[in-house]
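On the provided structure of chain A, position chain B as indicated by the hints.
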Amino acid sequence: MNDLDYIFAVARIRVKEKTLLRDSDIAQMITMPDADAVIEFLLTHGWGDTASSRDADAILAAEEAKTLSLINELRLDPEILEILSYPQLFHNLKAGIKETVTTEPHPSAFYPLESYGRETILKIIKEKTYDQLPEPLRELAPRAFELMLQTRDGQAVDMLVDRETLSAMEKAGKASSNPLFKNYLLSTVAVSNIKIAVRAQRMKKSREFIENALAPCTYLDTKELAKAASGTFEELLGYLQRTDYSQGAEALKESPSAFERWCDNRLIGSLRGERTHSESFGPVLAYYLARQNEIKTVRIILTAKANGFSEDAIRERVREMYV
Amino acid sequence: MSTGMVLALLGAALATILAGIGSSYGVRIGGQAAAGVVAEDPDQFAKVLILQLLPGTQGIYGLLVTFITLSRIGVLGGTPITDTKTGLMYLIACLPIAVVGLVSAIYQGKTSVASIGVVAKKPDQFGKAMLFPAMVETYAILALLISILAVTNL
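If you read the sequences in order, they're chains A and B. Everything in the first sequence is counted per the working numbering, starting at -1 for the first residue and increasing by one. Everything in the second sequence is counted per the working numbering, starting at 640 for the first residue and increasing by one.
Source of the hints: derived by calculation from the structure; they are not laboratory data. Backbone N, C-alpha and C fix where the C-beta goes; we use that ideal spot for every residue, glycine too. Be aware that a few hints might be false.
Residues on chain B that point at chain A, a partial pick, calculated with CB under 8 Å [said to hold, decoys possible]: (1) 668; (2) 672; (3) 678; (4) 752; (5) 755; (6) 756; (7) 759.
Computed cross-link-like contacts, DSS-like style, restricted to lysine-lysine with a CA-CA straight-line distance of at most 30 Å [stated by the list, open to error]: (8) A:202 to A:225; (9) A:180 to B:767; (10) B:761 to A:64.
Bound conformation, chain A alone:
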């Protein structure tokens, strides 16, 4: 698809952007007395559907489904849609392998993907018809299945599949001609690698283990990152301060959640330029990511309200909005 083919989609997105939550809406929700008040606020803003009633998880799931449905309706390039669904797709593969090997059904562990939902994934794994999977999963699926079968170690499978998810995103990012999409994919891989390195550093994992866990990355030197993460926390911060993620290192000093917030705010900041474009895939991608950011923020507020967090504690965790 060329940029002109996105004019219809971008015009639809412009109308939908009016319904996105603003920073002032988030600030208002933070000051509400409890989760019920937040849910009431969301319902008046059109969140949820008739089936979700006042159940917070159902409302958030309904919003995620609405976003996916809109993106599918816009008839974007199928390859882009597939790449956007990589995290859910690879997650379903993990869930399918674990369910097949352990024979314990966990329907709620799967994302309700149209093409590769629970039934399809389980059928492919049971029949070993891996060629029916998208290209990046075909070689990975039998490897992950064998690993689970031999070790029964779900965490090892998670590590393998998560790394391959990031590798697939890195490959797609390098191949993308759209600067925004490329930056989104490559940044996601870099940020995920930093999160893996931070977790590994806290768990005192070996350098070899960390090197195996990190995915190939354009924006970071993974060998240097693994070396730093195998040392002290200060060494890890020292390495990050020498990269484009130096401000992220400052946030990391505060807490891992402050770092995640910084990453999300940085991504949303990089998307804002798309609010003035009218002939490219950029505004559609920006809307999709803004919706994910919005749903994540609302989830944080609802969880915090349900657990009696103070307003200041919630304020530290919420993300900036796109509009």
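Frame of chain A, contents of chain B only:
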């Protein structure tokens, strides 16, 4: 048929063809954006329709210059052209609306798309949004004026 007549007809044809191509492109992209807005907010139909149609005027200007030219070179009236020099002058007289019509309609279409984006987000700003593509129209009108003055004074 003389060479002069062929050149004059070529000018008349280019006025309609090039300005028409520009307009169809401009109206096409404006229509795509308008359809996107109406898909989500049907109440904005009238506003986005006006913005979609703005790049369509260049095609009409080209048609007008073609009619005037044909009515002066012996096709729909006037005196048939016999010399090459006069025919060449008619061709050159038609070029402003042909070329400027093509280019301005494409740019006006792109500006209309951007303005439709404004209406999508802020329907109450329609008046201001319409001015942006209307500005591009200025140059199509100037080209039309020059082509008409040139064709009618040969």
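Take the C-alpha atoms of residue 180 (chain A) and residue 767 (chain B), compute the straight-line distance between them, and say whether it is at most 30 Å. violated (35 Å)
Hint consistency between residue 202 (chain A) and residue 225 (chain A) [alpha-carbon to alpha-carbon, up to 30 Å]: At roughly 12 Å apart (the allowed maximum being 30 Å), residue 225 (chain A) and residue 202 (chain A) satisfy the hint.
Restraint: residue 755 (chain B) near chain A, CB-CB cut 8 Å. Satisfied or not? Constraint on residue 755 (chain B) satisfied, holds at 6 Å.
Restraint satisfaction for residue 668 (chain B) [CB to CB of chain A, less than 8 Å]: This interface hint holds because 5 Å falls under the 8 Å limit.
Quick check on residue 752 (chain B) please, does its C-beta sit within 8 Å of some C-beta on chain A? With a closest approach of 5 Å, the residue 752 (chain B) hint holds.
Do the numbers back the hint for residue 759 (chain B), that is, is its least Cβ distance to chain A under 8 Å? holds (4 Å)
Interface hint check: residue 678 (chain B), Cβ to nearest Cβ on chain A, cutoff 8 Å. Holds or violated? Check passed: Cβ of residue 678 (chain B) comes within 5 Å of chain A, closer than 8 Å.
Would the stated hint for residue 756 (chain B) survive a check requiring a Cβ distance to chain A of less than 8 Å? holds (5 Å)
For the hint on residue 672 (chain B), just tell me whether its beta-carbon gets within less than 8 Å of chain A. It holds, given that the least Cβ distance between residue 672 (chain B) and chain A is near 4 Å, below 8 Å.
With a cut-off of 30 Å on the C-alpha distance, tell me whether residue 761 (chain B) and residue 64 (chain A) pass. It holds: about 23 Å lies between the C-alpha atoms, which stays within 30 Å.
Checked against the numbered hints listed earlier, the structure breaks hint 9 alone; every other hint is satisfied.
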